[in-house]
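All chains, please: the whole structure from these sequences, using the hints.
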Amino acid sequence: MTEDLFREDQMSVQERLAAEALIVDVDGFEGPLDVLLTLSRTQKVDLRRISVLQLARQYLAFVDRAKALRIELAADYLVMAAWLAFLKSRLLLPPDPAEEGPSGEELAAHLAFQLERLQAMRDMAARLMARDRLGRDFFARGQSEDVTRVRRVTYSATLLELMQAYARIRTRDEFRPFVMDRDSVFTMEQALERMRPLIGFAGTWTDLTSYLPDGWETDPVRRRSATAATFAASLELVKEGHLEIRQAEMFAPIQLRRKDKH
Amino acid sequence: MDEREEDITESLFEAPPMAEQERMVEAMLFASAEPVTIRDMEARMPHGCDAAEAVAHLRRRYEGRGVRVVRVGDAWAIRTAPDLGFLMQKETVEQRKLSRAAIETLAIIAYHQPCTRAEIEEIRGVSVSRGTIDQLLEMGWIRFGRRKMTPGRPVTFVVTPEFLDHFGLESARDLPGLKELRAAGLLESRPPPGAMPLGVGGEDEEEAGGEGQPELFDE
Amino acid sequence: MDEREEDITESLFEAPPMAEQERMVEAMLFASAEPVTIRDMEARMPHGCDAAEAVAHLRRRYEGRGVRVVRVGDAWAIRTAPDLGFLMQKETVEQRKLSRAAIETLAIIAYHQPCTRAEIEEIRGVSVSRGTIDQLLEMGWIRFGRRKMTPGRPVTFVVTPEFLDHFGLESARDLPGLKELRAAGLLESRPPPGAMPLGVGGEDEEEAGGEGQPELFDE
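Chains as they are written, first to last, in UniProt numbering: chain D, 1 to 262; chain Z, 1 to 219; chain C, 1 to 219.
These aren't lab readings, by the way, just hints derived from the structure by calculation.
This one's a predicted model, so the numbers in the text were calculated from it and none came from an experiment.
Ideal Cβ positions, reconstructed from N, Cα and C, are used throughout, including at glycine.
Just to be clear, a hint being listed does not mean it is correct.
[Said to hold, decoys possible] In the EDC-like style, the derived pairs of lysine to aspartate or glutamate whose C-alpha atoms are separated by at most 16 Å in a straight line are:
#1 C:K97 <-> D:E161
#2 C:K179 <-> Z:D134
#3 C:K148 <-> D:E189
#4 D:K259 <-> D:E240
#5 Z:K97 <-> Z:D134
#6 Z:K90 <-> C:E34
#7 D:K44 <-> D:E116
#8 Z:K97 <-> Z:E138
#9 D:K239 <-> D:D260
#10 Z:K90 <-> C:D40
#11 D:K259 <-> D:E236
#12 Z:K148 <-> C:E170
#13 Z:K148 <-> C:D174
#14 Z:K90 <-> C:E42
#15 Z:K90 <-> D:D137
#16 D:K67 <-> D:E20
#17 D:K259 <-> D:E244
#18 C:K148 <-> D:E236
#19 Z:K179 <-> D:D123
[Stated by the list, open to error] Here's a subset of chain Z near chain C, in silico, CB distances under 7 Å, partners left out:
#20 A27
#21 F30
#22 R65
Spelled out as structure tokens, the structure:
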């Protein structure tokens with residue numbers, strides 16, 4: 001039944017000619033909406049009074065014509081054709097109350113709105129470009145005055161340069177995040193975490209080495225890292241006022257003691 | 001320079017008479033090729049001056065003359081009267097040829113700003129080609145606006161003071177036909193009912209937004 | 001432009017009224033980059049005009065104003081009144097391009113703020129010279145942010161309102177992400193290296209807005 005309906009509204013001669021005329025410069029169109037807008041002009045009415053049904057027929061004629069002439073149309077043209085065929089059937093058939101989704105009229109109204117909006121934007125673009133323009137119709141001051149001897153240097157950069165700089169860094173080939181072998185590294189954060197609960201008990205001077213974590217005292221590499229981290233953490237705790245630190249002479253053991261708050 | 005310092009330190013004295021302020025504003029606007037803001041002018045004028053009023057006087061004074069005092073966004077500039085353009089062939093700068101896509105994109109941004117890329121595509125029915133936005137940015141006619149508060153927080157575009165200056169507009173509100181378009185409802189963003197084939201926007205926006213930023217602007 | 005040709009061919013008609021000629025001379029003197037000779041003006045004006053007389057009228061009109069019509073050799077120009085020179089300092093600013101190192105550093109701070117020197121170096125892959133940071137600080141485009149709560153409590157850098165102003169941004173968050181840069185055609189389409197530790201947590205970012213901290217300069 002739907003099939004019959006389609007066959008019924010075969011394109012008129014006029015539509016066929018219109019479609020053929022469009023085909024000539026299909027590359028000149030910016031997508032299906034552009035084609036629809038051009039087709040709508042043949043109706044010679046206000047866009048608000050456009051017959052979307054007729055427009056759908058015209059568009060389908062255009063696509064059929066392209067097929068007949070073996071002209072390859074981009075996918076979005078065919079998507080639009082399929083959708084318009086669907087819209088056409090919705091507009092022609094009596095509404096089915098059981099059917100989900102927007103009615104044919106709603107869809108048609110939205111399409112008309114899109115066409116009207118695009119046309120409006122084109123009109124505005126043309127009005128904009130036709131305005132009196134700086135450097136063509138009216139002019140800025142031509143002469144910069146060298147009035148004072150004071151010259152300040154300012155540096156300038158554009159947003160584009162800024163973004164390009166950032167893009168350049170972020171996509172640089174040779175960029176590799178710096179990664180260290182963490183196995184034998186005891187960090188200062190770890191040392192701090194370890195020492196905080198312990199120092200409360202350091203009422204008397206205690207050797208720094210006694211704070212080294214278990215399993216880090218023997219291997220020289222690990223011991224070095226742990227000692228450095230513990231020492232740095234101690235300094236941090238001294239700075240925070242939780243700890244006192246002393247060393248009797250050069251290379252003598254470093255000793256720590258809790259600092260009591262006054 | 002001495003006068004200026006004097007005025008700052010001895011601000012007990014009154015600001016110069018309005019006629020004098022008008023001269024100052026006149027000199028500043030004449031000297032600059034770019035529009036100058038009221039704030040900028042006042043920063044350079046003696047203490048207590050009212051640059052806005054001085055500009056208003058100056059503007060009236062130049063009515064009908066060979067140059068005019070025009071407003072460009074928040075700033076003011078002197079420009080030649082458009083009817084005398086024919087004398088200026090020597091000064092005419094080569095206008096860069098814009099593609100139809102670029103012109104339409106510019107108009108859409110101007111009338112719909114702040115406007116996302118997806119909105120431009122939704123209105124034009126095709127994707128915005130690479131380089132179109134780029135070109136408009138480079139010409140200084142559009143810039144990035146505030147991000148949209150919609151999912152994905154897509155970036156937006158707005159027109160610049162340079163755009164206004166170029167097209168002789170006082171503000172974006174003075175765009176030709178703006179009121180009519182608004183009255184006709186053509187500036188509203190109407191979601192398409194159900195599945196429309198031209199909703200290039202819908203999906204794209206999701207994509208552009210959804211993933212766009214989290215790596216950069218971790219929240 | 002037609003008008004001009006018309007006037008040349010139909011020179012039987014009278015020249016425009018003197019008031020109109022004065023407007024023309026005014027516009028030409030304003031827009032020209034160099035002083036203009038009488039002969040030059042007449043060549044551009046409709047046939048039968050008397051540029052010398054028009055200039056004389058214009059000159060009188062500008063007497064006592066903020067700008068004057070002055071003779072430069074055998075040509076004419078509009079110049080600022082000498083007593084207002086103090087207003088012109090801003091016009092003699094020399095503009096220079098920012099170095100590549102500086103703009104890259106600035107970009108990293110803008111995208112990653114608050115950002116330590118070590119982080120900048122890690123991202124750029126080369127060390128940041130002291131002069132670069134100093135230059136950006138001096139320009140007022142970056143300032144010190146809150147210290148990082150990491151060991152050593154390194155200082156951080158954030159961008160300033162002047163930065164946003166210069167680049168026409170409302171907030172640093174409006175900067176487009178990599179994905180959007182690519183979409184806008186500003187970036188060759190190669191994906192960024194996988195999992196990059198971008199950005200510092202949201203909390204930190206929030207804090208960047210806070211006031212400058214006195215303890216910043218305690219060293």
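Now for the hints, and whether the structure bears them out:
no. : hint              : in the structure
1   : C:K97 <-> D:E161  : holds (10 Å)
2   : C:K179 <-> Z:D134 : holds (14 Å)
3   : C:K148 <-> D:E189 : holds (14 Å)
4   : D:K259 <-> D:E240 : holds (10 Å)
5   : Z:K97 <-> Z:D134  : holds (14 Å)
6   : Z:K90 <-> C:E34   : holds (11 Å)
7   : D:K44 <-> D:E116  : holds (14 Å)
8   : Z:K97 <-> Z:E138  : holds (14 Å)
9   : D:K239 <-> D:D260 : holds (14 Å)
10  : Z:K90 <-> C:D40   : holds (11 Å)
11  : D:K259 <-> D:E236 : holds (13 Å)
12  : Z:K148 <-> C:E170 : holds (13 Å)
13  : Z:K148 <-> C:D174 : holds (10 Å)
14  : Z:K90 <-> C:E42   : holds (14 Å)
15  : Z:K90 <-> D:D137  : holds (12 Å)
16  : D:K67 <-> D:E20   : holds (11 Å)
17  : D:K259 <-> D:E244 : holds (6 Å)
18  : C:K148 <-> D:E236 : holds (15 Å)
19  : Z:K179 <-> D:D123 : holds (14 Å)
20  : A27               : holds (4 Å)
21  : F30               : holds (5 Å)
22  : R65               : holds (6 Å)
When the structure is compared with the earlier hints, no violation turns up for any of them.
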